[in-house]
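Single-letter residue listing:
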Amino acid sequence: MDLSLLGQYVLNGLMLGTIYAMVAVGFTLFFGVLDVIKFSHGDVLMVGAFTGLVAYLGLSALGVQSNALLTLGVMLSAVLLIALLGAALARWLVLPLRGAPPINLLLITLMAGTVLREAIRLFYPAGANPKPFPRLLPADSVSFGALTLRFDSAILIALGLASIVAVHLLVTRTRLGLAIRAVAQDSETAQVVGMNFQRIVLVTFAIGSALAALAGVTAGLYYNEINFGMGLLLGVIGFSAAVVGGLGNLYGAILGGFLFAGLQTLGAVWFAVPAYKDVFAFAVVILVMTWRPTGLIAEQSAERV
Amino acid sequence: MLPRPLRAALCCALLLAAGAVGAKEAVKLVFIGPLTGGVSANGLGGRNAADLAVRLRNADAKARYRYELVALDDECKPNIGVQVATKASSDRSIVAGVTHYCSTVAMATVDVYHRFGLPVVVWGAVLPDITYAHDYAEVHRVNGTMINQNETAARFMTGLKYQRWAVIHDTTDYGKGHNKYFSEYLAKNGGRIVGTFGVTADQQDFSAELTKIKDLKPEVVYFGGITPLGVRIRTQMDKLGVKAVFQGTSGIVSDAYIEGLGPLAEGSLAFREGAPIEKLPGGKLFLEQYNAQKYNDPPEAYGAFAFAAANLVMDAIEKVGPDRKKVRSELNRTRDYQSVVGTITFDDRRQNAVPLITKFVVQDGRWIVWEDSEYANGKRKLIQP
Amino acid sequence: MSARAAQQPVLWPAFAATGAIACFAYLFLRVEAQWEVAALAVGAVLALLAFGRTRLGAAVGAAWSVRPVPLAWGALLAASVVVALFAEDHFALLLIATVLLYGLACLGLTIQFGYAGVVNFSGAAFFGVGGYTAAVLATHTALPHPLVLAAGGVLAGAIGSLLVLPLLRTRGHYAALITIAFAILFKTFLEVNDALGGPQGLKVPGMRMLGWSFNDNIPLGEQTELSFYLSYAVFSLLLLAGALLLMRRLERSWLGLSLDAVRIDETAAAVFGFEVARWKILAFTLGNVLAGVAGAAYAMMTGFVAPASFTFAESLIMVSIVILGGLGNPVGVLAAAALVLVLPEKLQVIQEYRFLLFSGFVILVLLFRPEGLLPRTLRQYLPGWGRA
Amino acid sequence: MSETATLLRCEGLSVRFGGLTALNRLDLRLRDGEILGLIGPNGSGKTTFFNALTGLYRAAGGRTWFAGAEITGLRPQAIYDAGIARTFQRSRLCLPLSVFDNLMIGNHRRLSLGLWFNLCRRSRFAQELQRHVERARALLAAFHPRLPERMFEPAGALGMIDRRRVEVCRALISEPRLLLLDEPSAGMTHDETRELMDDILAARERLPGLSIILIEHEMGVIERVSERCVVLNFGEKICEGPFAAVVADPQVQEAYLGSSS
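Chains as they are written, first to last, in the working numbering: chain A, 152 to 456; chain B, 11 to 395; chain C, 357 to 744; chain D, 4 to 264.
Bear in mind the hints are in silico, worked out from the structure with no lab data behind them. Warning: the hint list may mix true and false statements.
Think about it this way: if two alpha-carbon atoms lie no more than 27 Å apart in a straight line, the pair counts; the simulated DSSO-like pairs of lysine-lysine are [what the hints assert, rightly or not]:
hint, chain 1, residue 1, chain 2, residue 2
1, B, K198, B, K222
2, B, K391, B, K171
3, B, K171, B, K253
4, B, K38, C, K702
5, C, K559, B, K190
6, B, K294, B, K253
Label pairs and their computed distance ranges (CB to CB) [claimed, not checked]:
hint, chain 1, residue 1, chain 2, residue 2, range
7, A, P289, B, H144, 55 to 61 Å
8, D, G76, A, W421, 38 to 44 Å
9, D, R12, C, G413, 56 to 62 Å
10, C, L402, B, A363, 55 to 61 Å
11, A, P289, C, R527, 44 to 50 Å
Only a predicted model underlies this, so the values are computations on that prediction, with no experimental measurement involved. Glycine residues also receive a C-beta, built at the ideal position from the N, C-alpha and C atoms.
The whole structure should be built from the sequences, with the hints applied where relevant.
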């Protein structure tokens, strides 16, 4: 196939991978501090997208015209509210179940996700149907042969990567990040040296969820359509990406995200029936897990006996 | 669990009915459709429409019976479908049913209706086998099959001089069936399919598929599936610069499709069995009444059929009384029955044989019947071959 | 337990409890009025929660542990009576059989992560493997149906063995991902590939055994006719009884001990010579076989299989049943199965709000009763164990 | 001392985690029936040695012989069958299980694990079970008269010292030839530790020829029970000999007090 077409595929993969990575980073953060998988993550993302939509409707009702302002408002409100939502979930669902078998935690967060999803479907006006998401970014594009590069896609990719880098810097360079890593290393000791364990956990969940909200808005701005089910698959894929990359490791999450996007694109190109691409992607995931049982970038610590 | 204004309406209706004619004999009907899950929008639309039919009938003083609608959720899963179908059929107080949007579920349940002798009218499932794979006197269908739809579609589109199609269909029974029949008839009419793409019903991203399609340079993208997917695919076609006519099926003839796409919807084509509701007097009434009830969800593509089916059943009961066997043979006899979706006449397999298919095109944010659109009289042009 | 109770345990409280449960089951399936259903459901949950704490509960426990055999027969009898009472009510029998068969599948999951700690988020997939096996074999071969059921189990076990290697190499969340991935993969595959009917699914012929066709009503006198679902209900009951006996003997033996050891501390188990892999494989395969058999029987009863019935969401419902019931407690699992499967059917008012409420309910249980409705008790190798 | 009298022999045993070397070319020899004290500051590789010995960690180099046969690189299960049992630094009882069950886990080697036997031969199973109950009861009684009555309670219901006792019993019930004790005193008072040690010594009387390697911080304990000591520091053996001699060694003092250079 010619180069421009190949370029198009790469571009698609990049966009997809960025969104996946944003979700995966959240999973990996939560796992880092609390060794938990928060399965409501995908649906939190979905709620984030809807929050953004509501914010847009509100702002334009208030007569805000400028797309830049609207975009900013949408993103800010989504990020802030969802950060709160994430912290709330952590405070009232996750923390109370520490010590319970991990499967309970998995189940309770899954159920929390279902509650969010069903709530949107039932209580958002005509929520069972897809909702149009406003086109706020410059839609013009340049084409080289089969390759169409749209500015909004480019902006979104840049934005997504930037947000991931920001989180990474936050975790590696700031005092807060230090605290988070300390708790991740060994929560007992961290508590002994007088860190407020609960606060740090909540902050971490807030950050991860905010990132998910951003991913939700990104998806909205990219696909210009959101729906109550959008978080379902994104959640599972984000989780897979985080695990394949190696839980608790930011680079792993990013790697996993782009890997999964690559697999799907590849699958869609290879198979006569593109629907096989998920079968393909998940099969590869199982194989990778068999090959590297703790993910591509394995956790360092050997088990303490 | 119904919205407040609706509950109010209900009370009034009941009061009216009660006041008008002392105590009428109560007759139970069952509605079955997907009230939860991905396609619940259609299920809820159908449920509301059937509910509306019952309401209006109860408000009508001339009605001989007072009708109660029992709505059951089949979750679009065959096993649940069999479960609720058994519940309804084995409940002797239920006389007839308006059942199923999902073809898989309908296929799984027809045996149950046959075994228990519950006459049902299918309101949304489009798979031909539901009526044609067996000869069950209990099973009727007001909506046409995908066969009629795609026959017309293929002939019409080739008539517009298009030659190259790319097909995207979801991998549910609905999408796969449409793909099958459209391909058949398109071949008969000399159109060419340059690529076929099956996609899963919950898929979000289609960039890979559409990039492939872009490379195949089709004139028309045929989509076999329902609104949510249609909206996503049409949007992403635009993103990736796929310049082709978007031709859908009955599954996208919904307000949600237009709401979901805004201006992008302009020029999308779709085909649906039955007469154009808006043009029939009954249809107008239906839409007005429906909006008057302030339901949470729009009627969607098949709400009108559920409405028609419910009325068909109730008319039969009015005529022969609440007796399954009698109602069944009465329904079997249906000829030239005037409904909101046009004339209904059942063939020997109790399939609505009226082959009337309406062609729709989106113009200025509304689904317009092709013949009265500016596209038909040349004021506007679709993307030309 | 006081020594006196140990010498001559009074059986009547246990019999009474069995009777009460039977009566409840009967009422619950009979009542239609929504408020009655709701009241009964709430009552059931409260009763279950209270049960462990009351002296009655203790007495029942004692009786069961010392004299299980008569009580077991009593329970079987009570169950049969309930089934018999609905002999003409198709829907009730269908529900009963459904609960019993899902219960069977969930017992399989209980062996997997209740005993051996092997999480399985693709229970519905293996249930489905059984169903599809039944569909294909019963349609295209003359294989006697008992063998068809067996084949369903065997195939589920065989396909499960594809996941064994990855599951043995991974732990915790990593293992969870394997089964989640498989659940999604399985459903998508069935949908996309047309060999097995694709999204349409397949029809499944009814069960026949020893010339007895399960799909025919049973004529009784001139006009009365027993529902054909009676055959399925009775058959499922027997299957389940067998599975319960198996579970009991498994748990109350060195096998059960080994599975527990592996679940609680793999490293320690290895240090004391346990072949971790062997036990995980045993549990995982046995569990899938049970799920497969259940799936096959269920498919033949409902007469239809399609991908839509075996989704990841279905698997989640199974997992929640196992955890709600009380991880590792077969009786609890059955109670939970009944609650989770029958309640939505009975509470039609809540229609589209069902999943919302269901999820909320699960969350509450997990928050305030993390050990489930009926927590598992200490192992009792023999009747009256540890009481002398 | 003659070759036959040697129960355990390690030559150049090394363990590495990525970069760091946790155990560096350790040579160690244990006489049959000997009690060896293994001491050294935290992170000096004592527990690592146990884990390597019991097959939990793969040795990066070196060889090990036990009772005349080479056990280098064997799996934990095989090493248990060869007759080495251990306790863990952090108690690793199965708390939800009964005390009896925990003992039976240690007794794994003697359990008949056949499917048919367990599922279908219940009466034979009952007989076997009865035998094991008696052995368990006897062993527990040897440690503390009150323990047998608590045999059917969950291990989690016991106090710290009783848990330690049960853990030691779990290691002893399979009648191993070598017992590895990893800080039995951890988390216990001085007197409790003393009690436990008496119990262990007493139990040793009943199991003639039982050898013990004991990791311990409480020097008092070491002094009392061990016949010989090996001192590790940064994964290296820095000193070996009777307790008195070892504590006198300047290297050892430096290791414990930190280097003065």
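Exercise. Checking against the hints above, which ones are violated?
Worked result: 6
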